[in-house]
Amino acid sequence: MLSPSPERLPRALPPDSTEPGHSPWSDAWHRLRRNRLAVAGGLVVAGMILLCLVGPLFAQSYQDQQLDLGATPPGAAHWLGTDTLGRDLFSRILYGGRISIAVGLIATFVALVIGVSYGAIAGFVGGKLDTVMMRIVDILYALPFTIFVILLMVFFGQNIFLLFFAIGAVEWLTMARIVRGQVLSVKRMEFIEAAHALGLSRARIIFRHVIPNVLGPVIVYTTLTIPAVMLLEAFLSFLGLGVQAPMSSWGVLIKYGADDMEEFWWLLVFPGVVFSLTLFSLNFLGDGLRDALDVRSSKD
Amino acid sequence: MLRFIGRRLLEAIPVMFIIITGTFFMQRFVPGGPFTSEKAVAPEVQRNLDAYYHLSDPLWKQYRDYLWDLTPKTFHPLALRDGLDLKAAFGIDFRPSFKYNRSVNEIIAYKLPASLELGGWSLFVALGVGLPLGILAAVRHNSWLDYFCSSVAMTGICVPTFVLGPLLVLAFAIHLHWFNASGWNSPIDRVLPCLTLGSVYAAYIARLTRGGFLEVLNQDYIRTARAKGATETRVIFRHALRGGLLPVVSFLGPAVAGILTGSFVIETIFQIPGLGREFVTSAFNRDYTLVLGTVILYAGMIVSLNLVVDVVQVWLNPKLRFE
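Keeping their order, the protein sequence lines are chains A and B.
Quick note: the first sequence uses the working numbering, first residue 1, plus one each step.
Quick note: the second sequence uses the working numbering, first residue 301, plus one each step.
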């Protein structure tokens, strides 16, 4: 036993080969996949989107009224029952989901565009402009925005484009703060200095080095903004200020379900469950992304 | 500390100013008015109405006069004991309503108490349920109790009030007959609405408390306290509580704002005669003065509670005092 068997020895690497590199993104993807709740959340969200997009092609029309049928409990013909006008609840939920998800995505996109550009400008330029811009955000933060959204929706009629804009205009503030804080901290890091020293162009530094490092918190916060936006839309719809008939959203369905729940429980329970389940999944996905991308709770 | 409070008070003034100005002019520039209806009004009646409500003055003059009426002129807080009369107490006049034959001050005095009670009890539920759940989850970190508390909290966040409220009514009022489905008469009528409105914030508070405590419990000074032989109860309540509550305190500002606006929906579900429902109706009615009055009142409450929260936060966290 003077010399260990050759298998025990660490095998010398051929000089030209190296370990395959792990980018931070592939690490994050790996961590995310191990988080079962986040994966389940992601699958439910993907399934829900797919169902709402494709489902209506096969389901009964959400507008077809069968007045003589009236409200029927869940059964073989109508899986989730029908509403008081004899419309199939399952198809109504699928169609409502299209609107709810669309509002969630588009209004979040509006918030994303405003918040990221505002925060990035404040962070990059810095100095007096930054101070002024962030003071404005502070003041806006103190405004009771939900009240203003309600007033806007009442005064200007329930226009769906106004809805996107109004909700987006409320949700961009936090995004702006997060992006600005992130840009400020990344700007001062050594690797940016190194990039400057290497003589890289300003555009290349911004797009290749700053933006990828700001992206993590933005992705996480975006995922968490979508359920918040959908909730606000449903809140407005419940007050009769959101999406108008014949269009419907999950919030509208819940409102009508709540009106008729004494006799027809399914009209409230199914839309409520589908809506809550979606919010659930989005939140789990967002939390999972936060852990995977290792974003510390960004409080400025 | 006094300078800090003074500065925050000064900052609240532009916020209130923006709110009042924004609401005033937004209402005036949208189509429709309080007297828009199918029934035509005789021109002389319309003239008298316009004169009564000062609608014939130029807009800037109406705005200036309105601001003047709003400015507090007296200070007799003791007058509030005989009812919520803001005019007697502070000289704040919200003017007569356009739709009801009463002044906005009277409507507020009549409707606000129910809303305040709803909000107050909901906040109580939020803290009373959220704090213990969060502390339990943190102290028994990664045990089944932790998972249980965390999933209860997640459920509370994801089931919106307007789903939870009707479901509770369905279960406890319609099927079990424990409570009335709606109304605001006996104390038992407070249970379901306050539980519904408080639940979401209880859930957030539980999550924040758990996070805050987990961070604090890992600190060196907690280990020192344990090493010196402090009992677990003493460690939690005497040493960890103050630091662990910080995230909760900073959340209280948004929570209060959310409870106030959330009450619009709760008051609709449970048919509570509060100011939140009145606000939504008044916006539909284009009741200029009532909209302004309620917006100013709600905004004032939110702004001043935010101020209180900021002060408490600085008091709790010595690190903030130097910034």
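If you're looking for bench data, these hints aren't it; they were derived computationally from the structure.
Treat the hints with caution; some may be incorrect.
[What the hints assert, rightly or not] Pair ranges (Cβ atoms, derived): (1) B:T371 x A:A40: 52 to 62 angstroms; (2) B:E344 x A:F165: 51 to 61 angstroms; (3) B:V612 x A:F165: 32 to 42 angstroms; (4) A:W25 x B:T371: 53 to 63 angstroms; (5) A:A245 x B:E344: 33 to 43 angstroms; (6) B:V612 x A:D27: 50 to 60 angstroms; (7) A:R31 x B:L445: 38 to 48 angstroms; (8) B:A527 x A:A46: 18 to 28 angstroms; (9) B:L616 x A:D259: 15 to 25 angstroms; (10) A:G75 x B:H441: 45 to 55 angstroms; (11) A:L53 x B:S604: 40 to 50 angstroms; (12) B:L367 x A:G47: 32 to 42 angstroms; (13) B:P487 x A:D260: 28 to 38 angstroms; (14) A:L53 x B:T371: 48 to 58 angstroms.
[Claimed, not checked] Which chain A residues stay away from chain B? Per the calculated CB distances, all over 12 angstroms, these: (15) G126; (16) R135; (17) L152; (18) F161; (19) Q244; (20) K255.
Virtual Cβ for every residue (Gly too), placed ideally from N, Cα, C.
Q: Just pull the numbers of the violated hints for me, sorted ascending.
A: 2, 6, 7, 8, 9, 12, 16, 17, 20
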